[in-house]
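Those sequence lines, one after another, are chains A and B. Start counting the first sequence at 2; every next residue gets the next number (our numbering). Start counting the second sequence at 2; every next residue gets the next number (our numbering).
Calculated from the structure, these hints are not laboratory results. These numbers come from a predicted model, not from an experiment. One or more hints might be untrue.
If several chains are the same, the list does not tell them apart, and a pair holds so long as it fits within one copy or across any two.
[As the list claims (entries may be wrong)] Okay, derived cross-link-like pairs now, PhoX-like style, lysine-lysine, Cα gap no bigger than 20 angstroms in a straight line:
{"no.": "1", "residue 1": "K105", "residue 2": "K93"}
{"no.": "2", "residue 1": "K170", "residue 2": "K189"}
{"no.": "3", "residue 1": "K10", "residue 2": "K421"}
{"no.": "4", "residue 1": "K271", "residue 2": "K123"}
There are 2 protein chains.
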Amino acid sequence: MRYSQTFPKTIKQVPAGADSINHQLLVRGGYMDQLMAGSWTLLPLGWRVVSKINDIIREELNVTGALEMLMPLLHPRDIWDQTGRWSDPDVKEIMYQFKDIRGKELGLSFTHEEIVMNLLGKYIHSYKDLPVKIYHFSTKFRNEPRAKSGILRGREFLMKDLYSAHVSKEDLQQYFQQVKEAYLRIFKKMELEARVVDASGGIFTDSFTQEFQVVSPVGEDNILICESCDFAANIEVSQVKEGEKCPRCKGEIKMVNSIEAGHIFTLGTKYAKNMGVFFLDEQNKKQDLWFGSYGIGVSRLVGVLVEIFHDDKGIIWPESVAPYIIHLVGLGLEEQGVKNKAEEVYQKLQDKGVEVLYDDRIGVSAGEKFADADLIGIPLRVVVSRKTHSASSGQAEDKLEIKRRGEEKVELVTLEELLKEIEK
Amino acid sequence: MRYSQTFPKTIKQVPAGADSINHQLLVRGGYMDQLMAGSWTLLPLGWRVVSKINDIIREELNVTGALEMLMPLLHPRDIWDQTGRWSDPDVKEIMYQFKDIRGKELGLSFTHEEIVMNLLGKYIHSYKDLPVKIYHFSTKFRNEPRAKSGILRGREFLMKDLYSAHVSKEDLQQYFQQVKEAYLRIFKKMELEARVVDASGGIFTDSFTQEFQVVSPVGEDNILICESCDFAANIEVSQVKEGEKCPRCKGEIKMVNSIEAGHIFTLGTKYAKNMGVFFLDEQNKKQDLWFGSYGIGVSRLVGVLVEIFHDDKGIIWPESVAPYIIHLVGLGLEEQGVKNKAEEVYQKLQDKGVEVLYDDRIGVSAGEKFADADLIGIPLRVVVSRKTHSASSGQAEDKLEIKRRGEEKVELVTLEELLKEIEK
Numbered sequence: 002m003r004y005s006q007t008f009p010k011t012i013k014q015v016p017a018g019a020d021s022i023n024h025q026l027l028v029r030g031g032y033m034d035q036l037m038a039g040s041w042t043l044l045p046l047g048w049r050v051v052s053k054i055n056d057i058i059r060e061e062l063n064v065t066g067a068l069e070m071l072m073p074l075l076h077p078r079d080i081w082d083q084t085g086r087w088s089d090p091d092v093k094e095i096m097y098q099f100k101d102i103r104g105k106e107l108g109l110s111f112t113h114e115e116i117v118m119n120l121l122g123k124y125i126h127s128y129k130d131l132p133v134k135i136y137h138f139s140t141k142f143r144n145e146p147r148a149k150s151g152i153l154r155g156r157e158f159l160m161k162d163l164y165s166a167h168v169s170k171e172d173l174q175q176y177f178q179q180v181k182e183a184y185l186r187i188f189k190k191m192e193l194e195a196r197v198v199d200a201s202g203g204i205f206t207d208s209f210t211q212e213f214q215v216v217s218p219v220g221e222d223n224i225l226i227c228e229s230c231d232f233a234a235n236i237e238v239s240q241v242k243e244g245e246k247c248p249r250c251k252g253e254i255k256m257v258n259s260i261e262a263g264h265i266f267t268l269g270t271k272y273a274k275n276m277g278v279f280f281l282d283e284q285n286k287k288q289d290l291w292f293g294s295y296g297i298g299v300s301r302l303v304g305v306l307v308e309i310f311h312d313d314k315g316i317i318w319p320e321s322v323a324p325y326i327i328h329l330v331g332l333g334l335e336e337q338g339v340k341n342k343a344e345e346v347y348q349k350l351q352d353k354g355v356e357v358l359y360d361d362r363i364g365v366s367a368g369e370k371f372a373d374a375d376l377i378g379i380p381l382r383v384v385v386s387r388k389t390h391s392a393s394s395g396q397a398e399d400k401l402e403i404k405r406r407g408e409e410k411v412e413l414v415t416l417e418e419l420l421k422e423i424e425k
Numbered sequence: 002m003r004y005s006q007t008f009p010k011t012i013k014q015v016p017a018g019a020d021s022i023n024h025q026l027l028v029r030g031g032y033m034d035q036l037m038a039g040s041w042t043l044l045p046l047g048w049r050v051v052s053k054i055n056d057i058i059r060e061e062l063n064v065t066g067a068l069e070m071l072m073p074l075l076h077p078r079d080i081w082d083q084t085g086r087w088s089d090p091d092v093k094e095i096m097y098q099f100k101d102i103r104g105k106e107l108g109l110s111f112t113h114e115e116i117v118m119n120l121l122g123k124y125i126h127s128y129k130d131l132p133v134k135i136y137h138f139s140t141k142f143r144n145e146p147r148a149k150s151g152i153l154r155g156r157e158f159l160m161k162d163l164y165s166a167h168v169s170k171e172d173l174q175q176y177f178q179q180v181k182e183a184y185l186r187i188f189k190k191m192e193l194e195a196r197v198v199d200a201s202g203g204i205f206t207d208s209f210t211q212e213f214q215v216v217s218p219v220g221e222d223n224i225l226i227c228e229s230c231d232f233a234a235n236i237e238v239s240q241v242k243e244g245e246k247c248p249r250c251k252g253e254i255k256m257v258n259s260i261e262a263g264h265i266f267t268l269g270t271k272y273a274k275n276m277g278v279f280f281l282d283e284q285n286k287k288q289d290l291w292f293g294s295y296g297i298g299v300s301r302l303v304g305v306l307v308e309i310f311h312d313d314k315g316i317i318w319p320e321s322v323a324p325y326i327i328h329l330v331g332l333g334l335e336e337q338g339v340k341n342k343a344e345e346v347y348q349k350l351q352d353k354g355v356e357v358l359y360d361d362r363i364g365v366s367a368g369e370k371f372a373d374a375d376l377i378g379i380p381l382r383v384v385v386s387r388k389t390h391s392a393s394s395g396q397a398e399d400k401l402e403i404k405r406r407g408e409e410k411v412e413l414v415t416l417e418e419l420l421k422e423i424e425k
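Just chain A, same shape as in the assembly (with noise of 0.2 angstroms):
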């Protein structure tokens, strides 16, 4: 991709009102735009980032045996009456419901639970039809009273859920297991460090749940970690307090601010019996489906990884969810030497299948490309100019001048060598 075709460039001045780390240098990179509190545009940028991330999922969603579809986000009221949630003072909170000119009641999807049992009620009949594992990446609308801190808490995103039917409890709590190994797989790609903690189920259920915390000093939860072993808790759960023992290793608990990226639910039959959706087992006595929701907030998700990976210069993108690979700084492109030399490396980084954003622009200065380098925080920066070309700098050899985003060593390195590098 070429800098001088993509759209927006990046921007110098802070945006008014931008209260966090993620919101500044999202919305100053060119990655998203705030179309009102709590609702974002994802850019060009932004989108390949979501991309990246969705794929992540989807590919160890699917060693799970998940099927991947797309449910509507416009619901009938008559769904939601089925468990009572419609009319749950908690959920009226949050969800958007209103009425259409013809009279309907409708509300908009801030998940699926309803939505996914009253398909399962048309289409399981026996046994045989389960277990069902289906998720999709969908929009989610919640009406939160404070949209804040970015992307982190808004009124429009984008979320992974995943919903489970099974015959039984064990069946159930064998694939809630293999989520969660699935979910520490994704974070690990990602190279976020989640921690596992019991939670409470909200307005969803009142069986066993978890949560994904990745410790932020941004952070809305509070959770409780040990400081010499991956133990965790929720302190609205947790038997053990700040200062105390590690009940797992004896290490230090200490209380620090987390981001949920991710819940698990186990919701048991509840579900099902309040809609009527049961199979014929073996006997072909009914039975009541045993069910289970998983959710993983993406746009969330692009905001966690900018609080977690940057410095004062801008992002630094995790290799797997980087929107680009290499940036391709070149310098003095004014010279038809040096910018003939920078468009062979374009291609042929492109001809190669790497995924190169290449700032083609010309008189914008060095300092100031330099700078959108580190905003924009795309893991490696390749430079071409008069000093890494041969024939300008009298070298024996055409150069190139790399350097990692997040550290300072400089290399030359022939384009050759760069390439083997990336195939690493």
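Dock chain B against the given chain A, drawing on the hints supplied.
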């Protein structure tokens, strides 16, 4: 994918109220499920078709230099007031508009011109920032008085919408032409014959627009086509009448029903003027942006494809959009030798990266499996059975029985021959 593990399975009875072929076959085949009138869940098989369509569109739009992004679905009234469309009676008829519990007036996306123009206004300063070409795949909501014809006319549906902004009318027209050609390539890749007709811009514009119409008896539109060349015209704007001679080739003009599959609009400078969005030209003079928008109804295309490509047994997908390329049918899998052979073929096809749906069900008759394969409509049916298995049949070597959907001819080939056939 093992058919035993898909959700849901095919259903035999025609769904109640299914007034169209696409509704009947897509529901019976397990591609989609109706949540409420005009609102569909895209089930795993259906989602695979949509993903294929999206990939074709994405590839061709990227060739035009367009960038993918994602815009919000919930819009604030004030931005829509800037063009007056919020209060346009024709818009109010189809746009879901409501107040949230805090009294904020919101509308659901039925299109995104205002939102794009608002975004451009923040980032476009000079002619150097233009052109901009951005698109997204996203949900559209239109409160149609009559939701009908299966997935052809929905109240919530998927659309690809592209927007472009330019320094001049000429630049806009040139890009409009480029998109038109991209659209024709997109439809051709799906094996759809789309006729381009001049059209009325309705609630979008008074300027020049063109529609891509696919001839089909279930279409709600009427167009005039020439039986001898590719001339086509909208009856509302055409000078020619049915029964007259084609103005291009003197062939006969006939009126036919058709379905609108895409619509491209030159929108002039009206949106920019209304919303106060301008750029500075080379003389540092304020100029209004030239604007265009370009839509393809992605979920509708699934329905269009089924209306065009089916027979009385089921769907006949073009290969480019088929959910899988091979439908591997195992017959008599109770016999261990046959089962091992079928599993081996499944494994080898997957190893080669071929998308296979493998009917591995035990205790389901050959007749039922063949009927399901015909209904689902995957291009190539491959059968492993007692008859094809050497050890069971006494043949010199294992063979596979292959048959193209929509053709009668059955052939016996080796796995190697099949793999060679697919690589073509």
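(request) Identify every previously stated hint that the structure contradicts and give their numbers, smallest first. (result) 2, 3
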